[in-house]
Structure formats: C-alpha cells, structure tokens
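Engineer: Letter by letter, the chains look like this.
Number of protein chains: 2
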Amino acid sequence: MSVGVVKEQSITFESGIRLDSGRILAPITLVYETYGSLDKQRSNAILVEHAWTGDAHLAGKRDDADNKPGWWDAIVGPGRLLDTDRYFVICSNVIGSCYGSTGPTSINPKTGKRYNLSFPVITVRDMVRAQKLLIDTLGIDKLLTVMGGSMGGMQALEWATQYPDNIASAIVLASTPRPSPQAISLNAVARWAIFNDPTWRKGEYKHNPKDGLALARGIGHITFLSDESMNAKFGRRFSAKDGQFDFFGQFEVERYLNYNGYNFVDRFDANSFLYLAKSLDLYDVAWGYESMSEAFSQVKAPIQFYAFTSDWLYPAYQTEEMADCLKKLGKPAEYHLITSAYGHDAFLLEHETFAPLVRGFLKDIQAAD
Amino acid sequence: MSVGVVKEQSITFESGIRLDSGRILAPITLVYETYGSLDKQRSNAILVEHAWTGDAHLAGKRDDADNKPGWWDAIVGPGRLLDTDRYFVICSNVIGSCYGSTGPTSINPKTGKRYNLSFPVITVRDMVRAQKLLIDTLGIDKLLTVMGGSMGGMQALEWATQYPDNIASAIVLASTPRPSPQAISLNAVARWAIFNDPTWRKGEYKHNPKDGLALARGIGHITFLSDESMNAKFGRRFSAKDGQFDFFGQFEVERYLNYNGYNFVDRFDANSFLYLAKSLDLYDVAWGYESMSEAFSQVKAPIQFYAFTSDWLYPAYQTEEMADCLKKLGKPAEYHLITSAYGHDAFLLEHETFAPLVRGFLKDIQAAD
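Protein chains in written order, with my numbering: chain A, 1 to 369; chain B, 1 to 369.
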C-alpha cells in the first residue's frame, strides 16, 4: 500500500559542519521526509539514502492529484519491504543537491547571492555528517538500518565506519568502496560536457546550460544501463522517423539518450550535478585511513551487500572486495550477487529479488537487538 | 628493420562509385602507401586496413628527420611480421577521412567548396568499394591477405564477403560483425559533444571546433582503454598540480583524457570524425542479407580472428560469434582470444603475442596457394 500524501520537512542547523576540506559550511538546511512512526524505544528508524540525482521524496505522493510516486515507492509503505506500519522511515536530501538541502543553488548568507562555484567541494562523508545532525535532532540514538544504492550505498558505508555506534545494520546496494578510474573517466567527460557549454559561464548562469547538462546526463545513462539491457530495449533499431543515410539520423538508443538528457535539464541543476559528480569520484571508504581494512576495523554493525552482475559502473568485484575484507576482520557481512541484465540501475528495479533477503536480514537484526 | 623513407601516393577515379545510400560519389581520390615489391605472379600483396582515425602511413618515416614512424611500423618492414622483403604491403586511407582520400574536407567539384555536411553518409562497404578500384589498378587480382583491427577488421570482413574471389585470406582483429547499442551510444555522445560546440556551425567551420572535438575524442579514449589498463596506468591518483578540493582539480586519468582530446584537434577533422563514427555505427556485416550466416555463405577465404579479453567496445563474444558462424557453414575460420589488459587498443599493442600465429597462418595460406 502507498504511504499516501507526504509533506516535505525542513530543518536548519545554524552552526553547520566542518567539511573534509577544512572549510565550514553554515548554515545547513536539510530537507527530509518521514513515513510511519517512531516507536517508544526509538528503535525502529530506518534511514534510506538517495543516489546522485535523487531527492528526499522516497515514497508516497505530494498531493492527492500527484500520480508520480516517490523514487523508491515500491519498497516503502504499509505491508511493503520497509513496512511503515512497523518502521519509521526517513529520507533526507544530501547537501550539494538542488532539492532543498544546502547546495550550490542556495543563497550564500555572506553575499546574499547563490553560492554557485563558491560552494565548497563536499564529500560523501560530509553528506553523512550533516545527516547525523538530523538523526540526533530526531532523537534517534541508533538507526535500525541505513540502506542505499550507488551513492546511497556510499553513505551507508560512511555511517558504518564513521558512526559505528549509531546504526544496528547497513544495507549497501550497487555501490563501491571507491570508483574505478573508468567510472571517474565517465564522470569526467560528463563534467567536461557542461564546462564546454558557453551558457554555463563558470556556474554563473540564469538558466541551466541545457545542451551541456543534457549531454552529461546522456553519458550518465550509458553507465546506468548495460550492454545486455540496451540490447533488449533498443537493439540496433534505427529511429523510424529517420533515414539510415541521414547525417542527423539516430538509432533508437541515441534518441533515448537525447530525450532523457533534455528531460533532465528541467529537473536538476548543472552546478549540483558537478558537485555531486565530484563527491562520487572522490569517494573512498578508506579516506583518512591507511587502508580499507583499517577503515572497516571501525565497523560494528552487520552489513548486507548487493551487487548486480551487469553493473559495469560499480562492478560486483568491488562489492565482493568489501564483504571479503569485513569477513577477514571477523565482522558480520553478507554478500549477494544478483543476476540481472539491468546494469547499475538494477538496484532500483530488482527489489522483488532482494526483498526476501532484506526482510530476513532485518528480522535477524531486530531479534538480536 | 624499418622500411625507411616512404612517399605517399595518390590516385583519382573520375567516375567514382555508387554508394550504399544510392548516391554517386565522384571523383574519388585515394591516398595510399606501399612497401616492398609486387612479385611477378602478383601473389604477394597484403592490404592493411586502418581504424577510425588512422591514415595510409602504416610504416616507415616521411623523411630522414622524421622520428615518428607509421602507425603499425612495429609489424611492417624487412624481417618484421609483414616482411617487406617477401610481401608487397599496401595501406590506403579510407574515403570519409581527412588524410588525403575524398572526404568531407575535400572540395565538392559541383560547388567549388568543401563538402562539409553535403558529403554523403558512407558505409564501411563503400570504403572497400573504393579500395577495390585501387587494388584493380595496381593489377592485383587476389590479395594474399587483408588485415585490420577495429574498423580495419570491418573492412577485412567486407573484402571477405563482397569480394570473396579477390582475397586468399583475411585477418580480423578487435572487430565486430555489428557494434552493440552500447558502442553506438558511446559514439552517439561523442557526436553530440561536437554538435553542442557552437563553433562547429553545422559543419561550416573555418577552424576545427576544438572543445567539442576534444571531448568527443576523450570519450573515445575511454572506450579504447579498459578498467584494468586504467587501473594500471592511472589508478585513482589525483593530479599533483591540483588540490583534491579544488573544483577544477583533476584526477590523472581525467588530465590524460583532456590532454589527448586537445592533441587530437590538431590532427583530425571534426566532420570526418562524425562521418566515420556514423560508418562504424551503421556497420553490419549482414547489411543487405537476411542474416550473418547468409552474408558469410559468400566467404571463400580462410579468416583468422583475434579478440582481446579486456576489449569492452567490441567484446570477444562478438568475434567468437563470427568464427562460430563460419565454422557452422563449414568455412575455415580460426579464433584466438588473447588475454590482455589493454582493452580495445590491444590490437595495436599485443603484436608480439599474435605475430607467431599470424606468421603460421600466412605460411599455410601460401603453401595452399
């Protein structure tokens, strides 16, 4: 069942946080949504982390007329995987984003103008630092679980290593301890596409630099899909509207990238895209440690990992490496490799496959509590 | 040994060819180089086909002071794999290119101006049609072999299917019977990068649209390398010149793509890049046939195939599919999968690995002759 109409909430922390870069970001506003009720023991809270271009609107609808549910509505609601009759589910928009939390589109209180490129470079750890303030404010000492895919999985890893006493478990999907140089390269050319757009004006635009941002997103879509899923969805079909010998004629897959690229311009800010791409590339779970092993020696909570066979952006071997590392340290870690053709996007699409496993994991966590 | 100083040659076919699109391209000039001497029986000619941004300058140097040898110099010369003491080696620049053969930078005789986008869309089969005129003019009825990697391999496949009586063998490296939608997508975003460059002006530029073309080439480089080779070459090292928290700071791999992208602008024309990208995407060995099997039923010459484990642009399974198809038809085909971390570029770098196999293959072909 759907959680129904949900209202966005907002909270501001005047003193902000000190970032990994050493800079202070203040104030910090976080936009978030919650679903279900916190129990008396404050022990049933689940934090769901969104990915790169996601937002706090995890589930439900904005109003009665809204027919586009939240981004992971399929798993959140009464009777659903994250059962809001039992759990208090929280999703907050990350700093750096453009969906209400403080980011490059926010007004810099020192200048009265948008931050744009004066916004500091932030890390995934910084995003979680800000979230920690929210969780504290909600009066939650220990989250039952932190769950997320892709950049959301990185955030869950940060909770596990930076706030080991404040989570009872973590669920990490389609993520990586550190993106490979190939993944970095694909973000690098996406950034480059925006830098090349003359309307970007080093971040000082009035209107989103559409051609550059659309192309950047088009590049992103290639990495979210897989060779297999593209074959199944488009094959080598040529657009029925175009002649094969037209210079500007397009393959269907090309048209798809174009269409989705330009659609994205209406919903996401180019500077936010750039800052978050940077956060992704800089991400390293071992940041500040000698090694992944040293970072993982902090972990106290059991972690459940999911990787997807056709995910070539954050390939399965990278997730397996994390699970192996934890096991060697004697920490409880579960690794599930899910066969899927959907590529990186699989974490959003294969919920029926992983739901029983997540359910079992949460049951065990609660039983152990 | 090097073949030494080589002079480029040129030939013009006034009546041109009829293209796959139905259009006539005339006149056609082809620029080519030859190394070694044609024997009396005219039976020792080897045609080497270049890839996307290659040229006719396969081996040797332009003059005594030239210290940058031809692109596949390592395998062509006295005593080398394609031994110019024994073979007459030919390499011709494809139509559509910008290295002397007729392409979008050529003058359209009807207007007295550069073709630019009035140049017709061409196919790999069209490139080979033009080459066939050259081979006929050189008085060669049957090539001992046609050898090429990537787009060069596609050309070898076209010789094998379209001119089965005119080759005694073919050697196809790192190629594909038809690029996958993923490969098409990566070319599509490269094209898009050029289209986005306001200095491209729908092909009517005076100077190469540098930012767009550099980005397009940067995207290309990602596909030429592999996750493994990028890890070995760059890892996640950050440029020593930049701070990790600089907004414009770059990873080394990012700097590499940038550097090579901008270098490319000095040596290759944007419109040629676009036309050849299109030819690659449109390539299908079964073009005009019901199936690959029907196309391959034309083949008479033995074909030796090479694929490379880390080539994700034209993955090994695609080459294996071709070898299997030929074998099912009872045609002689050899398939070699070479373990290499170099990605698609491996065909240019792993020559020491495949040289003994090519040598044996050529020996058998000559013995059978």
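If you're looking for bench data, these hints aren't it; they were derived computationally from the structure. Possibly wrong hints are sitting among the right ones.
You can't tell identical chains apart in this list, so a pair holds if it fits in one copy or across any two.
Claimed, not checked - EDC-like, lysine to aspartate or glutamate: derived pairs with alpha carbons at most 20 Å apart:
id : residue 1 : residue 2
1  : Lys363    : Asp227
2  : Lys202    : Asp242
3  : Lys202    : Asp246
4  : Lys233    : Asp284
Engineer: Indicate, hint by hint, whether the structure satisfies it.
Structural biologist: Status of the hints after comparison with the structure:
In this assembly of identical chains, Lys363 and Asp227 lie within 20 Å of each other by CA distance neither inside one copy nor across copies; the values are 36 Å within and 38 Å between. In this assembly of identical chains, Lys202 and Asp242 lie within 20 Å of each other by CA distance solely across copies; the values are 18 Å between and 36 Å within a copy. In this assembly of identical chains, the alpha carbons of Lys202 and Asp246 lie at most 20 Å apart only when taken from different copies (14 Å versus 35 Å within one copy). In this assembly of identical chains, Lys233 and Asp284 lie within 20 Å of each other by CA distance solely across copies; the values are 19 Å between and 33 Å within a copy.
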